Structure formats: structure tokens, C-alpha cells
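For this one, chain C is given, so just place chains F, L and H on it according to the hints.
Respectively, the protein sequence lines represent chains C, F, L and H. Going by the working numbering, the first sequence wraps up at 136, each residue one higher than the last. Going by the working numbering, the second sequence wraps up at 136, each residue one higher than the last. Going by the working numbering, the third sequence wraps up at 136, each residue one higher than the last. Going by the working numbering, the fourth sequence wraps up at 136, each residue one higher than the last.
Bear in mind the hints are in silico, worked out from the structure with no lab data behind them. This one's a predicted model, so the numbers in the text were calculated from it and none came from an experiment. Among the hints, erroneous ones may be present.
Stated by the list, open to error - A few chain C residues that face chain L, going by a derived Cβ cut-off under 7 Å, partial list only:
#1 His-83
#2 Val-85
#3 Leu-87
#4 Leu-102
#5 Arg-103
#6 Ser-110
#7 His-127
#8 Thr-129
Just so it is clear, CB atoms sit at the ideal spot from N, CA and C, and this is done for glycine as well.
Protein chains: 4
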Amino acid sequence: MVSLTPQEVDEFVAAQYPAVRGFRCDAIGEGFATARWLHDPEQLRPGGLISGPTQFAAADLALWFLSFTLLGLAPMAVTSDLHIVFLRPASGGDLLARAELLRAGKSRISGRVLAWVDGAPDRPVSHATGAYARLA
Amino acid sequence: MVSLTPQEVDEFVAAQYPAVRGFRCDAIGEGFATARWLHDPEQLRPGGLISGPTQFAAADLALWFLSFTLLGLAPMAVTSDLHIVFLRPASGGDLLARAELLRAGKSRISGRVLAWVDGAPDRPVSHATGAYARLA
Amino acid sequence: MVSLTPQEVDEFVAAQYPAVRGFRCDAIGEGFATARWLHDPEQLRPGGLISGPTQFAAADLALWFLSFTLLGLAPMAVTSDLHIVFLRPASGGDLLARAELLRAGKSRISGRVLAWVDGAPDRPVSHATGAYARLA
Amino acid sequence: MVSLTPQEVDEFVAAQYPAVRGFRCDAIGEGFATARWLHDPEQLRPGGLISGPTQFAAADLALWFLSFTLLGLAPMAVTSDLHIVFLRPASGGDLLARAELLRAGKSRISGRVLAWVDGAPDRPVSHATGAYARLA
Chain C
1 MVSLTPQEVD EFVAAQYPAV RGFRCDAIGE GFATARWLHD PEQLRPGGLI
51 SGPTQFAAAD LALWFLSFTL LGLAPMAVTS DLHIVFLRPA SGGDLLARAE
101 LLRAGKSRIS GRVLAWVDGA PDRPVSHATG AYARLA
Chain F
1 MVSLTPQEVD EFVAAQYPAV RGFRCDAIGE GFATARWLHD PEQLRPGGLI
51 SGPTQFAAAD LALWFLSFTL LGLAPMAVTS DLHIVFLRPA SGGDLLARAE
101 LLRAGKSRIS GRVLAWVDGA PDRPVSHATG AYARLA
Chain L
1 MVSLTPQEVD EFVAAQYPAV RGFRCDAIGE GFATARWLHD PEQLRPGGLI
51 SGPTQFAAAD LALWFLSFTL LGLAPMAVTS DLHIVFLRPA SGGDLLARAE
101 LLRAGKSRIS GRVLAWVDGA PDRPVSHATG AYARLA
Chain H
1 MVSLTPQEVD EFVAAQYPAV RGFRCDAIGE GFATARWLHD PEQLRPGGLI
51 SGPTQFAAAD LALWFLSFTL LGLAPMAVTS DLHIVFLRPA SGGDLLARAE
101 LLRAGKSRIS GRVLAWVDGA PDRPVSHATG AYARLA
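Chain C extracted, bound-state conformation (with noise of 0.2 Å):
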């Protein structure tokens, strides 16, 4: 288990992959990580709706955050699958994803990922189960 702040996550993917814009760690720890992605008007789809992409790559973000907590704060694993099914309408703030570990194995990390509008906990807009593979 590698002890991280939300801080050295947010300084390591502004380094080295500054084409993630428009999130940030929230929080991690052992067993979870939450990602947020900042409101941004200009991403909304039509009524205000938060997109099917944006929640996917909160959830993609939150398992990759997920992975700094057991491999290390390096690329050491890319996303193998996802799963990702909508619950109701996402609208009005935030988007906070956590991603709970299921089970960290030789060659994958697998975990699920619950979605919602910041202040809407008890309000789930998706869930998500994934992947990683370790690159070895």
C-alpha cells in the first residue's frame, strides 16, 4: 500500500499527462480513490446533462487514481475494460466518482466505481465495475 495525498496525484498527472483537463483527485486511501471532475458549462449536452463520456473518464480516472494506491505513483497499469451503466440524469454541480478496490491480482486490479452530482451522495447517476492491467 503506497501512502498518496490528493495533491501528489493532481502534480503527477498535470506533469506528465496534461491532456486529463478538468479533474482532480478528491480524495484516496487505502482500498479507494474519489475523482471530481470540475463543472464546466461548456461540457453539458443539451438540459444541462452531464455527459455519458465525462462519467466514463471520472470513473476510468478514479480506478487509474485507485492504482497509484498499490502500484506507486507511476503508469504502471492501463485500463482493460469498463463497464459503466446510468442510473438517472446527472445535472448541477461536481461529479464526484469513487472507485472502491474489488480485488487487487497478479496481472489486473479490478473495482467499482459509484458516481454522483457533488451534495446528491444518496442520488448515484452511474456505477461503473473495471479493470486495470499491470504493464509488466
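Coordinates of chains F, L and H only, in the frame set by chain C:
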């Protein structure tokens, strides 16, 4: 079955969904639709890789275009769920994502999507299965 | 919300679905339902492993029981899709699969299911996400 | 690529996996394998429907047979994850599930499976995507 041209799809998306940038409809017909992501070096990951969220967005868009062939050129369906599997690293050009209809049910439209880098259709980079839910 | 006992569920299944053999309802309440597979050496794979299809059947059944809490004790919904991830080898006893409600929509009921071998709830053997479609 | 006949596959399964009953290998070759579920009225659901678990078992088995074409006739891989989507009611005969290879990677073999009732290959009843993890 609604007959549409890629240009009609692109005009509709540009007018109604200005936040969908960097994609085009490449081909559309009975039972299929292809989305094209226009290669953009600013969106790439280290190593020149086309990111997972970009591939998800292309698959999701191809399924949406597919829904137009059944429901007409209007926002009559929303993504219900999508499962994407990454097969090999993607780099070197535009990304093409071709959706094929699996089943048009009363409340859901299901399809599968194969994606490849332009010029290499025999080396798929991701495969997705997804459904759009019809709006009542 | 429909209030039910495990015994009522078992009697309904035995009467209406005689082909569902070797499973019981272990617990049921608001927002959850647990299915139990009764350990049967004849169904095991080499090495004494509980098979993937057995784990799928348990997850599917737990989601079906969950639908009873919303729609009543009647066949009012059918499996729409199910995604199962195997986390570690399963052996040594009954299998328990606990479904939790993610979202009860107008046409679909979505849930997640965690499965473990009886006595080891902290070592999940599989995780599933699935949906039941309501029959009109 | 390992060359195999359906009969060789059936003999291997019968000898090593006696718990796998009611299925046969229908066809196998480079990049594909088809499993057949032998119609059994005792396994049907009310209305004469082929159950979801039966369809899952057929898809899982077809992917396993597919792994034999790459790894040989031996238990060298286990199911990692499987996503199945049900497309329409299935009834009236044997069930055929045809797996096609998507990607043979170092640690995972990914494929897709289309299933139909014998005699109606143009009316698929389920579509699955899955992966087998190679044992070290």
C-alpha cells in the same frame, strides 16, 4: 428505417450538441453507423496513444447515430449502459468506431461497436456493447 | 415496497420454476436480497471449484428476488443483461450472492451483486452488475 | 494455432469435467468455436424458455473451447469476466453459441459470442463478450 446521410447527422449534432467536438459521422445505413474521431495530438496520452475516454466517446456516438436510423434525427434515446474492452494500443491516426444493430426492442436499442485506427480495420483496438434507452 | 420472507420466495420458486434447483432465498428486505447455492459436490469443477455458471445463476437469482421486493411475488421481470467479474477461486461451501438495488426505473431494475463462500464474506469471489426489464 | 475436432473437445470435457452436462462442441476452427446446448425440457423455464443461466453456460463454454484453439486441449485458462445481453426470448430447440476471437493477448483471451436457437441464426437471442485469463 430512416434514411440519412453522414452530412445530415453532422449538421444535426453541430446544431444541437455543440459540446460534441472532434467527431464526425463517417457512414450510416440500415443496421449500422460509423463515427470518426479526428486525430488531435492535444488529446493524446503519452506515447501518442488514443485514450480510453476518447474510444468510449466514439463508441457511444456510433450507437447514438445508429439510434437515428431507427428513431429519426432527434434526441429520442439516451445511453443506458456501455461495456468496452480494450484490445490493443491505439495510435497513429483517426479512430473509426462502427456500430452494428443487435436488437431494436420496444424500450432499448442494443448494438455492438468495433473500433480501429484508420487504415488498420483488421486490428481492432476496442470492442463495445451498449444500449440506448428510448425516451417515452 | 413489498414485504416478503425467504420462505415465501422459496415456495413461489418451487411451485412456479421447478427447473431452478439447488438454490434458496437466504435473506430479503428493502433494497436487497440474498440467494444461497447449496453446496453440491456433483456440480463442482476439478479442484473442487464452484463454476462460473453456478455463480452467474446465483447472481441472476439474487437480482430476481430483488425484483420481487419491488414488483411482488410474480414473474413480472426478466433478465436484460448481466456482467460478472470473477475475483478469486471459489470453493469449500455454499455460495452466497447478495444483490443490492442501484436503481428502480420505470422499465428497468438495476442492481449489483457480491458473492462469497459461506463463512468468508470478506473474500468476495465474484461481483456482478445486472438489470431486469419489467414486463409491460 | 491448435487443430482440433469437435469430437476431441467433447471427449476431453467428458473425461475431465463430468459436471459439464448437456453441452457439445458443434464446430471449432481458427478464431472460432461453437457450443451446442442439447434441448432438455426439464431445464426450461415457464413458457418453454431457455434460461439465462443456460445461455451464460453456453457462451462461457464456447469461449473455453476457443481457448483450446490457442492453448491446446488442457485447462490452461479460466473465465475472467463475462457480459451477456439478452436480445429476445429463446425457445424451441437446441441453443447454439458461436464464439469469435477478438484478441489473444499475453494474459487474456477475449472473444464475443452470439447465440441463437438452432434453425434461426438470423434471430440472435443473446450476445456476450468475455475473457479467459491464462493460467501461468
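For each hint, the structure was consulted:
{"no.": "1", "hint": "His-83", "result": "holds, 5 Å"}
{"no.": "2", "hint": "Val-85", "result": "holds, 6 Å"}
{"no.": "3", "hint": "Leu-87", "result": "holds, 4 Å"}
{"no.": "4", "hint": "Leu-102", "result": "holds, 5 Å"}
{"no.": "5", "hint": "Arg-103", "result": "holds, 4 Å"}
{"no.": "6", "hint": "Ser-110", "result": "holds, 6 Å"}
{"no.": "7", "hint": "His-127", "result": "holds, 5 Å"}
{"no.": "8", "hint": "Thr-129", "result": "holds, 6 Å"}
Against the hints set out earlier in the document, no violation occurs for any number.
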